[in-house]
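Generate coordinates for the entire structure from the input sequences, incorporating the hints supplied.
These protein sequence lines are chains A and B, in that order. First residue of the first sequence: 1, per the UniProt record's numbering; consecutive thereafter. First residue of the second sequence: 1, per the UniProt record's numbering; consecutive thereafter.
I should point out that these hints are in silico values taken from the structure, not numbers from a laboratory. Since no wrong hints were added, every one of them can be taken at face value.
Away from chain A, derived, C-beta distances all over 10 Å, residues of chain B:
1) M1
2) K5
3) N19
4) D54
5) E107
6) D160
7) E173
8) R177
9) H187
Capping the alpha-carbon separation at 20 Å, the derived lysine to aspartate or glutamate pairs in EDC-like fashion look like this:
10) K245/A to D123/B
11) K144/A to E51/B
12) K106/B to E120/B
13) K85/B to D158/A
14) K85/B to E237/A
15) K144/A to D78/B
16) K26/B to E218/B
17) K106/B to D123/B
18) K96/B to D155/A
19) K85/B to D142/A
20) K96/B to D158/A
21) K108/B to D123/B
22) K144/A to E154/B
Simulated restraints, written as ranges between beta carbons of each label pair:
23) A176/B to S73/A: 46 to 52 Å
24) G217/B to L236/A: 49 to 55 Å
25) K83/A to E6/B: 30 to 36 Å
26) S119/B to K144/A: 23 to 29 Å
27) S73/A to S119/B: 37 to 43 Å
28) S73/A to R222/B: 54 to 60 Å
29) G27/B to L236/A: 48 to 54 Å
30) R177/A to D54/B: 44 to 50 Å
31) P35/B to P99/A: 55 to 61 Å
Think of the CB as a built atom: it goes at the ideal place given N, C-alpha and C, for glycine as much as any other residue.
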Amino acid sequence: MKKQKFDSLYALLLIVAVWYLLYFSIDSAIISSPTAVIKVFSANFSSEILPHLLMSFYRITAAVLVSLIFGVSIGLLTGMHPKIDRYLAPLIYLLYPIPKIAFLPVFMLLFGLGDLSKIILLIVIVIFQIIVTTRDGVRSIDSKYFASARSLGMDRLDIYQHLVLPAVFPGILTALRITIGTSIAVLFFAENFAVRYGIGYYIMNSWSMVNYLKMYSGIIAVSLLGYFLFKGIDLLEAKFCSWQKLSDKN
Amino acid sequence: MIEVKELDFAYQKEKVLKNINLEVKKGESLAVIGPSGCGKTTLLYLLAGLEQADQGTIKINSQLLTGIRDRSGVILQDYGLFPWKTVYNNLALGLKIRGAAGGEIKEKVNSALKRLKISELKDKYPAELSGGQKQRVAVGRSLVLAPDLLLMDEPFSALDALTREEMQNLILEIHARENFTYVLVTHDIAEAAFLGHKIAVIKKGKIAAVLENPHFGEKALREKEEFFELQKKLRNLMSLEAEGEDKDEKTEI
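Structure follows, in structure tokens:
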């Protein structure tokens with residue numbers, strides 16, 4: 001644990017050091033001083049930044065939860081039933097590469113200017129990664145485990161609960177890590193349209209008002225949001241997937 | 001206990017088992033021996049209800065076998081333990097899906113762990129265990145279900161010689177105490193001679209011979225002359241087969 005804390009501290013120090021280097025070497029207001037930014041960040045955190053951050057956090061968690069529920073279900077179905085996969089796979093392959101972000105205006109027309117259109121945009125981006133990872137995870141389960149499950153008298157539901165879900169869970173967490181990075185980037189973009197709250201709005205609003213100290217404070221907040229989401233996934237992994245590290249060693 | 005009559009099984013048009021007839025009495029054991037690819041594992045899967053025969057019947061306790069039986073324990077090759085469950089949870093799984101109460105599960109699992117001398121491993125994951133320990137867990141997973149029939153598919157083939165003998169002794173010991181019927185599939189001649197009341201030799205999907213083993217279960221059997229005699233007999237039967245196979249192959253060429 002101590003070692004992990006040190007790891008995060010080292011990363012923080014390195015980033016601040018590079019930032020200082022840029023600050024001293026580039027003589028322009030666009031690179032603010034780290035100390036000035038940290039001062040503004042701590043002065044405004046609870047009064048100004050936190051409400052924006054919580055709004056973005058809500059949009060991301062809502063989108064990730066819905067994507068998980070539907071993505072994992074579709075992934076399990078297509079992984080377990082090749083017949084369903086035969087019809088769904090081409091659909092997924094055609095839709096996955098589409099630049100969904102271009103559909104934001106369409107979503108805003110269909111689902112309103114508020115949260116729903118942003119959350120739906122995130123869902124259509126995140127869900128494909130989860131479907132494909134879950135499906136491939138199911139396919140890669142060694143058939144000996146299915147024989148073992150059946151020999152114990154497991155029915156279909158038992159097999160999902162005790163065999164398939166635990167086997168694909170580590171893969172789902174990896175997919176989540178990847179999609180959370182993407183979601184934050186996409187949300188930053190989406191929050192520039194017709195919203196008054198959200199960390200993306202806060203950053204771009206500060207930028208347009210040429211308040212670079214606040215803009216950098218918002219960027220720090222995004223970085224922290226990502227950090228805590230990743231840490232949350234690490235905790236889930238430590239709790240439910242500790243068996244996997246042991247298996248990898250052998 | 002087990003009656004197999006005129007059993008045929010084909011896998012993608014290739015006949016794997018042809019006209020198998022067998023009988024095993026209650027409390028007896030049958031060792032099935034043969035070279036790899038002879039169909040012995042398929043026979044075990046059929047007895048377990050994991051595969052369905054194309055023709056013929058399997059009766060267990062005079063009842064026609066149509067699927068997986070609640071009281072048949074199965075130990076598959078390379079153990080089949082779930083890597084994401086601890087030793088305790090691997091043992092508890094069969095009881096849990098049969099809807100046993102929490103207290104009953106705890107009692108039965110702990111008693112099985114104790115009998116197999118693996119209580120201290122109960123919080124470990126399969127990846128942390130040695131081959132012999134994994135095998136004990138696999139035996140335990142079947143035993144907690146109090147089976148009247150135990151089916152084992154080359155259960156000890158991945159173990160070193162000493163651990164293998166230790167596990168063979170353990171099976172005999174549990175069998176003497178709990179008096180279930182068991183079928184063991186193996187390619188190891190000594191194992192068949194040690195663990196089978198009856199030994200069926202399978203060749204190319206057919207039963208070539210069934211030998212009786214009157215000295216089954218005797219103390220220090222491994223050091224007795226009769227044990228070596230039986231092995232010699234089995235070896236002869238097997239090598240005759242091998243020569244037979246060679247001849248067949250030559251005529252095919």
